[in-house]
Amino acid sequence: MPYLGGEDTVRELRRALSNPNVQSDQLRYRNTILKVIRAMSQGVDVSGLFSDMVKACATVDIVQKKLVYVFLCSYAALNPELSLLVINTLRKDCQDPNPMVRSLALRNMTNLRLPSLMEYVEQPLTAGLRDRAACVRRVAVLGWAKLHNLQPNSEIDAAVVNELYSLLRDPDPVVMVNCLRALEEILKEEGGIAINKPITHHLLNRLSDVWGQCEVLRILQRYRPQSEDELFDILSLLDASLVSPHPQVMAATLSLFLSLCSGLPAVSLAALERVRGPLLAACGSVSRELRFTALCHIQLLLRSLPGLMGAHYKRFFCGYAEPAYIKQRKMQVLVELVNDDNVTMLLDELKGYCTDVNTDTAQAAISAIGRIGRSYSDRCLEILTGLLALKQEHITSAVVQTMRDLVWVCPQCSDTVCLALEGCEETLQDSQGRQALLWLLGVYGEQVSSAPYTLEVFIDGVRSEVSLGVKMELLTTTMRLFLCRPAETQDMLGRLLHYCIEEEPDMCVRDQALLYYRLLHCGIEETQKVLQGRRSDPSLGVLIGRPSEPISQWACSFNTLEPLRQGTVETDSTSRGSPEHVTFEPKPNTDLSDTLNFSLTLLLFLGDEKMEEDYMCLEEQIQFPAIPHCSPQSLQAAMQLVNIQTLAFTPPHTLPWRVYLYTHTQHAGDSPHITLILGELLYTGEANQRAVLKKALKGFLSILTTVLHTLSSERK
Amino acid sequence: MIHSLFLINHSGDIFLEKHWKSVISRSVCDYFFEAREKAVDPENVPPVLQTPHHYLISIYRGKLFFLSVIQTEVAPLFVIEFLHRVADTIQDYFGECSEGIIKDNIVTVYELLEEMLDNGFPLATESNVLKEMIRPPTILRSVVNTLTGSSNVGDTLPTGQLSNVPWRRAGVKYTNNEAYFDVIEEIDAILDKSGTTVFAEIQGVIEACVRLTGMPDLTLSFMNPRLLDDVSFHPCVRFKRWESERVLSFIPPDGNFTLMNYHVSSQNLVAIPVYVKQSISFFETGPCGRLDITIGPKQTMGKTVENMMVTIHMPKAVLNANLTATQGTYTYDLTTKVLVWDIGKLNPQKLPNLRGSLSTQLAISGNPRYIMTLKLSQLMLVDCLKVSRLDMYGEKYKPFKGVKYLTKAGKFQVRT
Chain A
0 MPYLGGEDTV RELRRALSNP NVQSDQLRYR NTILKVIRAM SQGVDVSGLF
50 SDMVKACATV DIVQKKLVYV FLCSYAALNP ELSLLVINTL RKDCQDPNPM
100 VRSLALRNMT NLRLPSLMEY VEQPLTAGLR DRAACVRRVA VLGWAKLHNL
150 QPNSEIDAAV VNELYSLLRD PDPVVMVNCL RALEEILKEE GGIAINKPIT
200 HHLLNRLSDV WGQCEVLRIL QRYRPQSEDE LFDILSLLDA SLVSPHPQVM
250 AATLSLFLSL CSGLPAVSLA ALERVRGPLL AACGSVSREL RFTALCHIQL
300 LLRSLPGLMG AHYKRFFCGY AEPAYIKQRK MQVLVELVND DNVTMLLDEL
350 KGYCTDVNTD TAQAAISAIG RIGRSYSDRC LEILTGLLAL KQEHITSAVV
400 QTMRDLVWVC PQCSDTVCLA LEGCEETLQD SQGRQALLWL LGVYGEQVSS
450 APYTLEVFID GVRSEVSLGV KMELLTTTMR LFLCRPAETQ DMLGRLLHYC
500 IEEEPDMCVR DQALLYYRLL HCGIEETQKV LQGRRSDPSL GVLIGRPSEP
550 ISQWACSFNT LEPLRQGTVE TDSTSRGSPE HVTFEPKPNT DLSDTLNFSL
600 TLLLFLGDEK MEEDYMCLEE QIQFPAIPHC SPQSLQAAMQ LVNIQTLAFT
650 PPHTLPWRVY LYTHTQHAGD SPHITLILGE LLYTGEANQR AVLKKALKGF
700 LSILTTVLHT LSSERK
Chain B
0 MIHSLFLINH SGDIFLEKHW KSVISRSVCD YFFEAREKAV DPENVPPVLQ
50 TPHHYLISIY RGKLFFLSVI QTEVAPLFVI EFLHRVADTI QDYFGECSEG
100 IIKDNIVTVY ELLEEMLDNG FPLATESNVL KEMIRPPTIL RSVVNTLTGS
150 SNVGDTLPTG QLSNVPWRRA GVKYTNNEAY FDVIEEIDAI LDKSGTTVFA
200 EIQGVIEACV RLTGMPDLTL SFMNPRLLDD VSFHPCVRFK RWESERVLSF
250 IPPDGNFTLM NYHVSSQNLV AIPVYVKQSI SFFETGPCGR LDITIGPKQT
300 MGKTVENMMV TIHMPKAVLN ANLTATQGTY TYDLTTKVLV WDIGKLNPQK
350 LPNLRGSLST QLAISGNPRY IMTLKLSQLM LVDCLKVSRL DMYGEKYKPF
400 KGVKYLTKAG KFQVRT
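Residue numbers (numbering that gives the first Met the number 0), protein chains in the order written: chain A, 0 to 715; chain B, 0 to 415.
To be clear, the hints were calculated from the coordinates, so they are not data collected in a lab. Being a predicted model, the structure only gives us computed values, none of them experimental. Nothing false has been slipped in among the hints.
Quick list of in silico lysine-lysine cross-link-like pairs, DSSO-like style, CA-CA up to 30 Å:
| no. | chain 1 | residue 1 | chain 2 | residue 2 |
| --- | --- | --- | --- | --- |
| 1 | B | 397 | B | 130 |
| 2 | A | 34 | B | 62 |
| 3 | B | 385 | B | 403 |
| 4 | A | 390 | B | 315 |
Go ahead and model the full structure; you've got the sequences and the hints to work with.
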């Protein structure tokens, strides 16, 4: 940061520091040093004063010492040779009768972080471990960790490690926790500190200060109790901290609980119930950041216990003054909490948020209504239609996108949507919204009377269109509309194709246009087959609400930064292209780093050639043992055990009976990316009956995984 | 754990940085500034940002950002709570937490940060313990210091750290032994247009000021402890005893501290002390509108409502307001579009009213939002937590005891 007169300041300070009159007057000397620190904190480069400051270090005044140390630690790396001069004073201070001085010296000796000084530091550190004052021991223990960080590849001194292990029994709780921290760092390569039964119980019985408690609980996650009795002993010790007033302790305890009880789902569920109070309290905390984090963790909990917060839905209503990131999270939670009793109330509430000043929040509210619309379509469509009347640009855009997504899932609402669409093209400005509108016009062209006129406006303006997505969508829509209303559309389709093939600079659009052109040459039937082949199947009943996931699915990400990150992707997904354009994307469908939300629409398209090919070869490889009677519910339950979720199935007693499945695996590699696996199960009811067993499904899963993996690696 | 801390002011300047491990360049904050730019409003900056090599976790307090840089995966609640603790400590030491105050006391702040974390791990965070190592500045002491040249640093070993009770120092002595408790309840409520409560809860806090000699053991009991939904205590409170007997038993820290926080969220219990009758309309014909607000008491149990203040966030299109208030004064900030009506004491005989016209641009978008702040002193609401008695064990003297009740509006909103 540029600072006016930086050089002058340094020169003046140097003069003052080396002035014998100043040096003899303790107060003036200290004030000068104070000025140096001030200048340093303002960003002035005062490293030139290093040698003068080193001299100032030899003093009995503790404040002056502290100030000089602050300076030295910041600039030691630039002056390793001169730093050698300080060591002597520091070592002398380590012998001081005042423990404050000893700990101060020891701490700053290690804070200099100069490998060249290591040999001088080791001896005082060893002595520090045996100091009678706890505050010196605290510093000495961490000092070893700092030394190790300086030379991470050096040999670990076994004597030191043993000493540290024995200090775990130190009477001072902070020394104990610092030992844990130090050992974790020093023994990182070996996987951290070795946790055995005596250490565990010693640590658990001496949980004291808040911060240490969190760390102990985190480290104990590595411990596995040897017997069930021991496990329950530990759990009952932890029980009180599960409802700790400090949210960080509560979260750490729950995290440990979940890892200990991974084999006991009932206990874990009881623990989740128990933390409901503290979590809700954190949601009402004064600190926004705390509220946000608590909300993110509640979202995790809801994945396993959708009913956990049902009665408390009002706690998630947004206040005006809340920041946008909290509002958006709260809405995501509210969507999960919808039921028959509170749906009216919730929708009223969400309706209020749709006109929020912050456009992101408004759009999030609209898409939240859309999500609820999957179960309560009539009421939601009423609200969405009402919003269109406001003629606000960002609201209209979000509403049209939401309607598009809704119609795809619930085709029965298409009538209302088509009525509402009239006239909203005037307010739509952004590309996402127009893409959505075009898609709707294409698919439901015969129901929207003004569709060709709307399209005509778009086609006339295609020359000035900048968005690639809109152009692609426009092509598809015009083709579709041509199929159902040829008389009105033929002329403009010709114009559009001509423009796209002859003048369009973008290769993607040109190729697409050429493709359609050739397709038209194949005859109307072929074209119809290609363009109108796929519709969402209204007979597929989409499962209402998410099925509750097993806790193990998210337990490892509880109390980490993971849940705080996820949401950002999720809100984006609403502004993706229309569902069908997925097939045009160059990305292979095996590499889906998209969100689940999005993958739902994807699945219906995954039945394309590549996938079917894979699937065909599968069918021959797996022998499904025949099971005569298998209800959809038991099937679903069995599959959830192996982490396969049902997406949709046809109503029971219909033949052929179909189930769509998905599962996803997470790679722990350098970049966390998700592979999504989709499958269709067919039950024809004929001789070659196929039913599902857990084991068979596992095989199914593993084979699918290998197939998809080879596929994705080939494409790379 | 916590690698570095940057303090950033409202306009985006870093005015303090502290590194507990190796020095990380300031350029890491660029990711934060980018997010800050995108969020427009500083409040909307997401608290956790991910950069290629670090995580940035920040809190926003008193128009300052406390930005911590973290290299490994951590528990977010841990870091956020710690940052708040840093801000609390600064507030505790200097009376407020602002850029000016921190710059004036930059050296003490550095000392504090040095003591609070070592190698990135929290070390001493209890304000009682810190105050013994680094004495907070007072006017008297700074005068004495300049005269005698003595220092702000306690040169004795902090004794509290070695006593069995980590939050209380040993050998406390007072001539007057006093214990005061403030029961402060904040009502968070959302009222809809017609005045019915959409959502209401009470956030309560008991602030204590205890100046007692020796090692007193206090027991505080309530008339109606069942009322409390979620409670959280200062670490000194014996939790087991609360769970079994519903009394607070504790050895208090010395001086001021927050004894407990609680919530009362059941809707029918929360009585809203005032009502608001409001109408606001914008004429379609011309560039003006009309505003009329009346405020009256409701369920105050005969107590007076003081410091009543109404804040109205107007739509952007409202250019000016020409109003008359029967009581109090009003101001309208043209840039932020915020109308503040300071009423003061609420007189039940003559209800305060604010009415008049608004001049607007032609296009009206959005509804105005009301946020009210009010204070009720000495008020006993139906559902107020009541202290029944305070007993002291372990010491022989008789302390002076006092309890004060206060109800305030927290996040109190009226919708239009």
